[in-house]
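Q: Protein chains in written order, with the working numbering: chain A, 12 to 262; chain B, 292 to 582; chain C, 12 to 334.
To be clear, the hints were calculated from the coordinates, so they are not data collected in a lab.
Simulated pairs of lysine-lysine, BS3-like, Cα-Cα distance not exceeding 25 Å:
#, chain 1, residue 1, chain 2, residue 2
1, C, K326, A, K158
2, A, K207, A, K179
3, C, K326, B, K381
4, A, K158, B, K381
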Amino acid sequence: MSAPALETRDLCKQFGALTVASNINFRLEAGARHALIGPNGAGKTTFVNMLTGALPATSGKILFGGEDISQMAQAARTKRGLGRTFQITSLFRDLPVLDNVALGIAEREGVSLKMWKPASSYKTIRDESMAHLETMGLAAEALLRVKDLPYGKQRLVEIAIALGLKPKVLLLDEPAAGVPSIESGRILDVLADLPKDIAILIIEHDMDIVFRFAQRITVLVQGAVLVEGAPEEIANDQRVRDVYLGEGGHD
Amino acid sequence: MQAFASSLVSVLFHGIAYGMILYVISVGLSVTMGLMGFVNLAHGVFAMAGGLLLSTAMAKYAVPFPLALLLAFVVVALGSVVLERLLYSKLYSAGELAQVLFTMGLIFISIAIARQLYGTQAAPVFLPDYLKGQINILGRDFPAFRVVLIFISAIIVVTLWFGVERTRWGAMVRAAVDNRDMAQSVGINTNRLFMVTFALGSGLAGLGGALGSDILPVQSTYPLENLVYFMIVVAVGGLGSLSGPFIAALMIGIADTATKYWFPELGAFLIYAATIGLLLWRPQGLFGVRS
Amino acid sequence: MTRTGSYSGHARIGIMEALPWIAAIAVFFLLPDYLSLGARIMIYILFTLSLDLILGYAGIITLGHSVFLGIGAYAAGILSVKLNINDPFLQLIAGSLMSAVFGLASGAVILRTKNLTLLMLTLAITAIVYEIGNKASWLTGGADGLPGVQVNPFFGRFEFDLWGRTGYIYCVIVLFVVWFVVRRLIYSPFGAMLTGIRENTPRMHALGAPVYQRLLIVYTISAGIAGIAGVLMTQVTQSVGLNVLTFEVAGDVLVMLILGGVGRIYGAFVGPVVYMIAQDLLAKQFPEYWSFGVGVLLIFVVFFARGGILGLVDKIAARGRTP
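Chain A extracted, bound-state conformation (with noise of 0.2 Å):
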């Protein structure tokens, strides 16, 4: 049996006495669709965070494709192809659509250190980018800057600068999060559209995304796994209904 995509081994996270993750033991499969979903506060974050090496974990284990990444800084798993997107759009506002993209394939082809060639002389880079853009529908708009973009595309650019790490696991925080609906249905074209052999692992509150994107769901509930399974078996799932439902739902 191959290994997973990405595996967690007790994982555990503590800020002082408040325990945000207990024992999260979870697989994503290579070329997975998998939905993570639980209430407010739930640790979904959290554990994205700890994933990518944002957070430190306070005890377990993190495997990337069976190799051991729990003490690597985020930027070497980055390198080994674990990308992510932001929940709170965390792009870089003042510069040009293109360099967003941009930025993170110079980053992976490892020319960032190169200082006498102008970055305008990179065309490869530059190529590579306006072909992301274009698979967002965004080619029109790569000169402009960020913070000139409608929110709805500003995810898309997350997305497009996500895609541009050539990722084997990538981790959607909220894609559509902030995104009004008439927008959002060109949010779940694009990630309908992914390429099949990245696994993903989508954090989301829009129910109606879930279960039309994932085909696995786990559910998170005060920082450890409450179910995991199809979406039908979540859907008739009688805990993960009253944890939505709210406490009032059994006497």
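Dock chains B and C against the given chain A, drawing on the hints supplied.
A: Relative to the frame of chain A, chains B and C by itself:
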């Protein structure tokens, strides 16, 4: 041996006096930086203003010493509120660089004004006769003024700690230092809290500058010359902490006095080296809430 | 127009960019009495440029940049006075290297921290080096500094003359070379990456950039350039003193950069020119008003003109374009 013991007592005494003054001046800086996250390089301006006020009030208007101290506190606190409302508050979320530049600007302006009004000499320190002599404690003579200085500082420290631990204002400050957004969401008016805390911190700096004018001579370059020491107290003690800067100030006061006494050739080298070492070991300082 | 390394722009040298050099040549012929001031301005442009690299491009706020100027200056002074090494280029290279090495060593330590701690450490390191400069008089001359620095004639022919002509030309040439290198650097992928760090450090981490290592590299380069400025200062004044290590100098250079426009290469040109000419005209006549004026200027820039003089020029130009 006895000579050493004697000089040790002397170093400790003067070191504590110096440390106390450093603390009274810097504590406001620690709390405002911890509370508002504002890099206020100009804190020393308030201390200088306090020193100049005291000197002027006593020399020109024959205000008695205790009243002049009170005056330094009140006037500086009120003046700082004006600055806070007009300028500081506009830059709370403006980023570190803007805050650094703005407070540097304040330092330049205050230096120019102080020099214009008082010249380049240190403002003379006037002491009432009852503070001029020596006080005999356990068979040793100590300068009366410094004994009183330590005593007054201790009262201020105790009052301050009591205030922060026991009053509603203190509870709000502690909550806001801990988590500003949370404090705001439970209905604390952080704007007013900042203003009051800023005024109190600046007032204390004014008081400290006045009280300590024979340890830190009050002259026009005061805010710049003492900047590093005030910042060290805060950084070493830890932002937002009350007790951290107290320990840091005493350590620095005693260490500085000791080096000047025993190893004058080293200057402030040891203090700086220790500060760098400590900040590398603990970037958030000894008792810092955040770095 | 992009002013920084960008994958979407271009990096051609514009006509306007010839202006500083035309001005430099014009001053040489038209204002022969001001060549020593001119040389000082060139030196400060170099120094400001080095600060712009770390503050304007990489976003590192420092209160102690004078330490690198000082180390370069003292390196040249010590080479000449203590070791009798008077070759101008040898002094230049040695001073720059010394400063760069110190930048690497101190940067390796302090760039692990950020915000106030980083600010404090820059302050403390500069204070400590000042203290060493003051107390290690066997090496640095203590409070008296090192007078009587000697510099051999360039290529055995061109001596420093009384009118400061050689010094001026020398400074212009060094500045030109450094400008060219810095400009390449800023427009390169490295420059683009630095802008990324300044704009959004967490994002650069997520893109896989080892940010600490990158900051350390630019900090070292900046220190090396500041060191060059220090060497020139020693060579032109033929002495070195403690004043190069003070916070006043660190503050001055910060003010000049802010005044010109931070994060753009020509901000580092405009700032020193305006500041130092104003200082030359006003500071001696009205010393009491000078620091008052600088203070007011700083506050004005913070509240009304974040982009400095060049930022204002941009705004006016933009208003001119849109009818």
